[in-house]
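Please model the complete structure; the sequences and the hints are all you need to start from.
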Amino acid sequence: MAIVKVIELISTSEKSIEDAVENAVKEASKTIQNIDSVYVQDIKAHVKDGKITTYGCICKVSFRIE
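Residues in the sequence shown are numbered from 138 upward in steps of one, following the working numbering.
Note that these hints are calculated values from the structure, not bench results. Be aware that a few hints might be false.
List of simulated lysine-lysine pairs, DSS-like, C-alpha gap at most 30 Å [what the hints assert, rightly or not]: (1) K181 x K167; (2) K181 x K163; (3) K197 x K167; (4) K197 x K163; (5) K152 x K167; (6) K152 x K185.
Using C-beta positions, here's what the derived DEER-type ranges look like [as the list claims (entries may be wrong)]: (7) I147 x N171: 17 to 25 Å; (8) I169 x M138: 15 to 23 Å; (9) I180 x V143: 15 to 23 Å; (10) M138 x A182: 36 to 44 Å; (11) I172 x T149: 13 to 21 Å; (12) A139 x D186: 45 to 53 Å; (13) I140 x T190: 35 to 43 Å; (14) T191 x N171: 28 to 36 Å.
Here the structure is a predicted model, which is why all the values come from computation and not from measurement. From the three backbone atoms N, C-alpha and C, an ideal C-beta is built for every residue, glycine too.
Laid out in structure tokens, this is it:
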């Protein structure tokens, strides 16, 4: 039987939502092995002077425990 653990991460990027998600996975993979998936729970963008300055997301990263 496989055991899967889920952690919640908040990530940002100045480029895009996709980059923010990639940043979350990249940081998680520094200390976690066997990452299976990432679920993007929430997306937001910070706006200044009518322009988006940063993108952010709340991600749930799941990984197998061995």
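Within a Cα-Cα threshold of 30 Å, do K152 and K185 meet the stated pairing? 15 Å, holds
CB-CB spacing for T149 and I172 relative to the 13 to 21 Å hint: Given about 19 Å between the Cβ atoms, the range holds.
For K181 and K163, compute the direct alpha-carbon distance and say whether it is at most 30 Å. This hinted pair holds, its Cα atoms lying about 20 Å apart.
Are K197 and K163 close enough, with their CA atoms no more than 30 Å apart? 13 Å, holds
Go ahead and decide if the range 35 to 43 Å is satisfied by the Cβ distance of I140 to T190. 40 Å, holds
Okay, I180 versus V143 on CB: inside 15 to 23 Å? About 18 Å separates the Cβ atoms of I180 and V143, which means 15 to 23 Å holds.
So does T191 sit 28 to 36 Å from N171, Cβ to Cβ? Holds, at about 30 Å.
Quick check: does the Cβ-Cβ distance between A139 and D186 fall within 45 to 53 Å? 49 Å, holds
Just tell me: holds or violated, for the beta carbon distance of I169 and M138 against 15 to 23 Å? 20 Å, holds
Taking only the CA atoms, is the gap from K197 to K167 under or equal to 30 Å? 16 Å, holds
Is the hinted pair K152 and K167 satisfied, with a Cα-Cα distance of at most 30 Å? 22 Å, holds
I147 paired with N171, Cβ distance criterion 17 to 25 Å: 22 Å, holds
Comparing the model with each earlier hint shows no violations; every hint is respected.
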